[in-house]
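Mind docking these for me? Both chains are given alone in their own frames, and the hints should help you get the complex.
Listed in order, the protein sequences are those of chains A and B. Per our numbering, the first sequence starts with residue 1, numbered consecutively. Per our numbering, the second sequence starts with residue 1, numbered consecutively.
What the hints contain is simulated information worked out from the structure, not anything from laboratory work. In this text, all values refer to a predicted model and were calculated from it rather than measured experimentally. There's no promise every hint is true.
[Stated by the list, open to error] Capping the alpha-carbon separation at 25 Å, the derived lysine to any residue pairs in SDA-like fashion look like this:
1) A/K36 x B/R36
2) A/K36 x B/T106
3) B/K70 x A/E44
4) A/K41 x B/L46
5) A/K38 x A/E24
6) A/K41 x B/D67
7) A/K40 x B/P8
8) B/K57 x A/F103
9) A/K9 x B/L46
10) A/K41 x B/V28
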Amino acid sequence: DTEVTQTPKHLVMGMTNKKSLKCEQHMGHRAMYWYKQKAKKPPELMFVYSYEKLSINESVPSRFSPECPNSSLLNLHLHALQPEDSALYLCASSQVGGTEEAFFGQGTRLTVV
Amino acid sequence: TQLLEQSPQFLSIQEGENLTVYCNSSSVFSSLQWYRQEPGEGPVLLVTVVTGGEVKKLKRLTFQFGDARKDSSLHITAAQPGDTGLYLCAGTGANNLFFGTGTRLTVIP
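Next up, chain B with everything else stripped away, as it sits in the complex (with noise of 0.2 Å):
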């Protein structure tokens, strides 16, 4: 099994403030995905990077794929409450794609 370490596990922040999100393993990935999960409902995906040192943005997401392949960061500028949700890094290899432990965020209003 190749572990993802997600960091922070918990973030509880203001709405405006910035917040990054790290996502690191031992193994390395042929890619890495980022997804947002609300409760009771399935994960979203938000991005997929495929290439050492790959940043990607989305809106107000930038994320960063490490350049040996085996780590992740999403950062999120001026967070807003439609932000809060758990979100998991995962990786992708045989078939396989394993989530890593997860981050749940609370953006207060």
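In isolation and in its complexed conformation, chain A is listed as follows (with noise of 0.2 Å):
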């Protein structure tokens, strides 16, 4: 299984509300990541987490909040978010170490509105 699966792959929300993107991956990778993609532009990273704990934060404001509870899943918090936050999330996991090739999964397609 090399999937790395994110829900939802779409989601519309308002600037006062409150919602979670999810990943998931089975392939006992211990490095996981959030990327923001803005239309036309390759990917920003976010967040790393590395054996369940943030290793790397890369000054993203305090509205995004991830969350690791376990070594398969990895979870994104969006609170109050602004409509310039419209992007597509994407999700990798790697082994730590070596060459850590990363596998994506699709990405949700958010928008604040």
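Structure below.
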């Protein structure tokens, strides 16, 4: 199983809503990532978890709150987002160390209205 | 932040033509990956290069890692419409994956 599964595939939320994005992998990878991708741009790293601990936070606003409840799951909690946060949110996983090849989910297309 | 610059940014060619995409950085990477991404989908890993000077082939795609492990190239022979997509190089280091600026390729039938 080389899949990274993200849910939901599409999400529309208001600026006062609270929602969560979910990511799951069963490859035994101990590094998991959240990326944000705007149209026609490369993915931008947001967070990295290594062995279920937050190892990198790329100065992401606190309205984005990551959570890694176990080695297979990664969540991104969203609260009080702005329209400019609309983007494709990508989850990825990899082994820790080595060549760190990353496998990506299909993404969640988020629209903030 | 380790910057990876790709060139060209956009490329539109006729089916059957050859092309090369470049990925350059001032930083040394322990390895470098190439991904292809289609609209609305996540990036899909094409190849990983690890050793300086390494060359890997994947059908019509040839990947090269620079001797100093700071740059890489992707050469496509006889491009086909199915090669259309966003090509991303990504360097690894310190449990991180830094993406290049991307090359958007369109192959016209």
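Structure-based check of all given hints:
1. A/K36 x B/R36: holds, 17 Å
2. A/K36 x B/T106: At roughly 24 Å apart (the allowed maximum being 25 Å), B/T106 and A/K36 satisfy the hint.
3. B/K70 x A/E44: Roughly 20 Å separates the two Cα atoms, so the pair holds.
4. A/K41 x B/L46: holds, 19 Å
5. A/K38 x A/E24: Within the cut-off at roughly 22 Å; holds.
6. A/K41 x B/D67: Violated - the C-alpha atoms of B/D67 and A/K41 are around 28 Å apart, more than 25 Å.
7. A/K40 x B/P8: holds, 14 Å
8. B/K57 x A/F103: holds, 20 Å
9. A/K9 x B/L46: Holds: A/K9 and B/L46 sit about 23 Å apart, inside 25 Å.
10. A/K41 x B/V28: holds, 23 Å
The structure is inconsistent with hint 6 alone, although it conforms to all the rest.
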